[in-house]
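Participant: Just so you know, UniProt numbering puts 150 at position 150 of the sequence shown, and the rest follows in order with no gaps.
Hints in this document: simulated from the structure, not taken from any laboratory. Any given hint could turn out to be false.
Stated by the list, open to error - Pairs of lysine-lysine, BS3-like flavour, derived with a Cα cap of 25 Å:
| no. | residue 1 | residue 2 |
| --- | --- | --- |
| 1 | K234 | K360 |
| 2 | K195 | K114 |
| 3 | K114 | K360 |
| 4 | K234 | K177 |
| 5 | K195 | K234 |
| 6 | K360 | K195 |
| 7 | K234 | K559 |
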Amino acid sequence: MTRKRWISAFLLVALLFLSHCVPRKKNDLVSDDFLFLYLLNSILNARELDCTFSPTSSDALYNDQWHLFNYGQFGGIAGEDANVQSVWNQGYSGNQVIVSVVDDGIDLTHEDLKDNISISTKGLNLFNNTLFPSHAYSSSFHGSAVGGVIGARGGNGIGVRGAAPCSKLVGVNLLEKSTIYTSDEYRAMVNESGKVFISNNSWGSPDTYGWLWPSSSLWQQGINEGISLGRGGKGTVYLWAAGNGANGATVSSPLLVDNANYDGQANYFGVMAIGGIGQNGQKASYSEEGANLWAVAHTQGNDASAYTTAITTTDAAGVFGMNAGGTSGDYTFANYTRRFNGTSSATPLAAGVVALLLSKYPNLTWRDVRELVAYSARQNDISDGDWVTNGAGLHVNHKYGFGAVDAEQLLLAASSWTPITTPQRIEDMGSIPYGDAIPDNNITGVTVNYPVSSSISYIEYVDVEITTNHIYFPELGIVVTSPNGNTASVLAEPHACANPSTNSGCTFGNTSIATMTGSSTYRFGIARSLGENPNGVWTIRVYDDGVGDTGTIQSVRMKIYGR
């Protein structure tokens, strides 16, 4: 080991030891000592150390990781996986790509994670206001499981491997705070964004309530800064879990169904919302649909009785975390679990695939990446009746977005990709008043026309805001059709809402919709019109599928992102 490496290692050990100290000032991120050591360590480690990964090397549990290589070992469809092996064989495994795991911490000492923890990028623990985002509670495991799906070290003969087995992980412990402030959300989004290539967010609004959850302006500011300033101006790529609330298990009549578009984070233009499919390529029953959905990746599907269909990954080490050793049919060794599932595990799989892309093409911008994901996505579950071809020739589905993330096809598409050099335009088309009554209990509803005349000729994303004084939003369905006439986007569906204590009622954030008076504005996102020309007349149909609650469409406003 060189003298530089010895000094670096010593300083890193010193930092880990000193992390148990109390900062001098309660509100300081670090004390002066921490800052000095961190800055010196960063100077000595300006570049992450490359790792060498051979796809033919061994990892003890790799055969269980069907999401990386599915040959039908657990009854699934052979080839229904993230298609990473050919990319590994080309020599790309995520080297130099830093991925932020915004979650409930990450086990920095885990045998299969420690060698892929970034040494040039500082973590953030918002629970105790330090640099070291380890789990604080014995029951926490989620962030370590997420980190393993992305970047568990491959080829070391133990445990598992990530989709990008040489990528570097930096943890942000946001979720263990008892109260998460909007300022915490902001800090989580921008932490080290100058270095972070990808931000994985396997969290969001609570599931199975059917509520609308607007995102905070501070969180939006964090995303905006990350995509515009992150990575030296190329932008951090934000991935967001679409949500697990589509089962309808809490309220049966009318059916309680969450939609990914009810989550003001998952439907924001700066993120890619990721849904989940099982080993047969079909939607996991819990995975939320939405016109904002960008793509899907593999996770436990609809055979919930067999954990072999879930995701095998790292767990918090020892008896902590999800697996205490043989827990509920899990592995007898407690550092790993075979029970990880949900869009929480689909999202980091997509993040790992994006890390493979950026290890070969590090100069791609965040806009390049998201469009490459869309254009290269594999059309899974082809027989599903919701597939349509949008006005730009892209296959799209409310269940699957543009399709399943596919590493081989993603890098193939990138090999002939013309980088996007035109600055993104954001055109607020303004609010158009209507005042049209929404007929009560009438699925035909009312259709309003929204003319668009813009300098944008290529859509990257669309926001739609509906202002209404209808007194009970869950009765409303909203469908928007773009000018080409092919692409209808379902923004809202009539559904039940659950109060966490009484299983009744509904809220908009923390405000009861059932008792609202006056007007409310709801923002939704549309990914489905990617590549279309926005100019022409959009139609917006709003209908009421319940009895007794009435109101009007007061105004509609569209914001178009594109070039």
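Participant: If a hint holds in the structure, say so; if it does not, say that too.
Facilitator: Checked hints:
no.: 1; hint: K234 x K360; in the structure: 15 Å, holds
no.: 2; hint: K195 x K114; in the structure: 19 Å, holds
no.: 3; hint: K114 x K360; in the structure: 24 Å, holds
no.: 4; hint: K234 x K177; in the structure: 31 Å, violated
no.: 5; hint: K195 x K234; in the structure: 11 Å, holds
no.: 6; hint: K360 x K195; in the structure: 17 Å, holds
no.: 7; hint: K234 x K559; in the structure: 23 Å, holds
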